[in-house]
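S.K.: Using the sequences and the hints, build the whole thing.
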Amino acid sequence: MGVLSMLPSNLGVISAEKIFRNDVFKPVSLGFLTQKPDIQIEETDIASVVEDNIRILDSIRLPSHFDRETLANFLERIIKEDLEKDPLHKQSAELNKYAKDFRNHMRQYFDRIFDFHEKLKGDISKYVFATSNIFLKSDFPPSFARTLTFSLLTECRFIDIYDLTIRREHLALITNYNDLKKFKRLCDAHNRWVEPFDSAINKIIETRIGLIWYADFTHSKTLEEIFKPKAFKKSLLDEEYFFGMLVDLQRQTDQFRRALTTLSKETFAISPSREDPTVDMLCSIMETMGS
Amino acid sequence: MSIEKSAYFFLDICILLPQTLNISAKLCEDFLKKAGRLCYISSSVYLRASKMLDDTYDWVLKEIQESLYPYLQKHRIDRLTCRDARVFEGFFNERRRQLKTFKSPAMYYEMVGRMEHWAVTQIHSIELGREIEAEMFLTALLSELSRVYESLKAPLDAIEVKNITPKEEIKSQVILQGVHKFEDIDHLASAIQFQFTNNVWVVFVTFDEKHILSHQRRLLDVCALHCCKPDYAMDYARDISREKTPIQYYLSISPKSSQQEIFAKAIESSLHVSIK
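The listed protein sequences correspond, in order, to chains A and B.
1 is the number of the first residue of the first sequence in the working numbering; add one for each residue after it.
1001 is the number of the first residue of the second sequence in the working numbering; add one for each residue after it.
Keep in mind the hints are simulated off the structure, nothing from the lab.
If you're wondering where the values come from, they're calculated on a predicted model, not measured in any experiment.
Even glycine gets a Cβ: it sits at the ideal position worked out from N, Cα and C.
Do not take every clue at face value.
[As the list claims (entries may be wrong)] Looking from chain B toward chain A, a few residues come up when the C-beta cut is under 10 Å (computed): (1) Y1057; (2) W1059; (3) V1060; (4) K1062; (5) I1064; (6) M1136; (7) T1139; (8) A1140; (9) S1143; (10) L1145; (11) S1146; (12) F1194; (13) D1208.
[To be verified] Just a few of them, taken from the derived set where beta-carbon distance is under 10 Å, the chain A residues facing chain B: (14) T154; (15) D248; (16) Q252.
M.R.: Next up, the structure:
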């Protein structure tokens, strides 16, 4: 069956990336921690997601008809509603729990992490689709679509390389499971390489979401119009500010990709095969939408 | 001496960007697999290749946004079925006609070709009796374009970039050997500059017969720069590894031709490296 035969009948179901979840690439605490898993993790996690998003709000320019506090309250409500419905958020919280008591939950962690990443890539593909749709109905320059989708697809590539790397680490962890010293050393090594990538990808996502928010808020007259489909017009934006954000996002993405090649040159040197169904972005969009 | 310590490959744009011929694509892939860690690209190659990709993406994107949708409307198609593939034939043929006036159209042909292939394949895959909104289809086409762009850019990111601003004196020497395309002059001059600054052999790897390989002999005789196709690159590196270093090699040429004397002077004045 072709990709298009799985398309949803209503474009309205596709929404652009609107919330920074910070639920994936934080160093997954493969550290050798012995404390009991935190059963309150989902609540505390929601609070921290809200906090992260308010920080993004504070970093962007807002249209004069919205005050920051009203928007912050609105975002807090939207984020809470979204996260409660979001199965990925629950999975992410669960994975974090396993990571915190990693030695006792290693099997569960590796049983679920790859499936989680597949779903996450499906989400990212939806955002690529939504960004393309925003561009189609706007008078934005091509650099808008190019920069945003390139940064999203770079995130997908990171997930692939991350998975490849932890598959290798998994083997080493199993082999050294009974040697506590070596096990801890492997966990520390994992945390060391993940940390810089974690902070870089989070910065990229924050910049990207800031950019989308700036465009969306500027095109919304009321709170109700925020995050709803609309036709975007360049003339409503402060072009210098908007293009400055785009250039910043492009620079961060380029730097990130350069750093990624140090982890896996092979993945970059050879372009994915066109016959490989796993790389077909639209397939994954449709699969996610169908589920 | 091992190849690794004595020779590096500087890649031309055509090695990194898609090849029209399958055999060339396979050659590049095999070469990068074998020699990837010995490969560099100069900043001039990186910037030129990135710009080519960006410009192509932007043009195709705009064509889909500004021309394809009105084109579909003109043909009264707001929903697509599995019988509508031929509608795209006219649209993409028209784009190809426009490309005939472009200065370097290869990348454009490549991306237009990929988009056309994707569009037609997807249209054929729509189940009988099902219709797809034209807007939805165009959104999917734009998404696919982004995916193609990202995958084409990947090989550029995989190769280490050497930031080199080629000196005017060295560029003049490249021109004197018959190379006249200004981008190629920068790429070759960067490779020569790297070779003599670091005293390591550089093999410039390219498919470009017309602008570079046709001057292969003079570039080697005068500038001591080896240029070859990827097929021979490893053989070149192996043979060079038995040679002296580039500076020693040039010093040992005796007697030097007048062109070699001029080149040696240019290297000395621009890089402060004596090869006379």
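S.K.: Hint by hint, say whether it matches the structure.
M.R.: Hints versus structure:
For the restraint placing Y1057/B at the interface with chain A, the shortest Cβ-Cβ distance is roughly 6 Å, inside the 10 Å limit, so the hint holds. The restraint placing W1059/B at the interface with chain A holds, with a minimum CB-CB distance near 8 Å, inside the 10 Å limit. Interface restraint check for V1060/B: the shortest CB-CB distance to chain A comes to about 9 Å, inside 10 Å, so the restraint holds. Annotation: interface hint on K1062/B holds; nearest CB of chain A at approximately 6 Å, less than 10 Å.
Interface restraint check: I1064/B against chain A, minimum CB-CB distance 8 Å, threshold 10 Å, status holds. Nearest Cβ of chain A to the Cβ of M1136/B: about 6 Å, under the 10 Å cut. The hint holds. The beta carbon of T1139/B comes within 4 Å of a beta carbon in chain A, closer than 10 Å, and the hint placing it at the interface holds. Given the 10 Å rule on beta carbons, the hint for A1140/B holds: about 6 Å separates it from the nearest Cβ of chain A.
About 5 Å separates the beta-carbon of S1143/B from the nearest beta-carbon of chain A, less than 10 Å, and the hint is met. Hint status for L1145/B relative to chain A: holds, with the closest Cβ pair at about 8 Å, below 10 Å. For S1146/B, the suggested interface contact is upheld, since its CB lies about 4 Å from the closest CB of chain A, less than 10 Å. This hint is violated: F1194/B has a C-beta 19 Å from the nearest C-beta of chain A, more than the 10 Å allowed.
With a least beta-carbon distance of about 21 Å to chain A, the hint placing D1208/B at the interface is violated under the 10 Å criterion. The beta carbon of T154/A is positioned within 10 Å of a beta carbon in chain B (closest approach about 7 Å), and the interface hint is therefore held. Below 10 Å, beta-carbon pairs count as interface contacts, and D248/A has none with chain B, the closest being about 17 Å; its hint is therefore violated. The criterion of a C-beta within 10 Å of any C-beta in chain B is not met by Q252/A, whose closest approach is roughly 14 Å, and the hint is violated.
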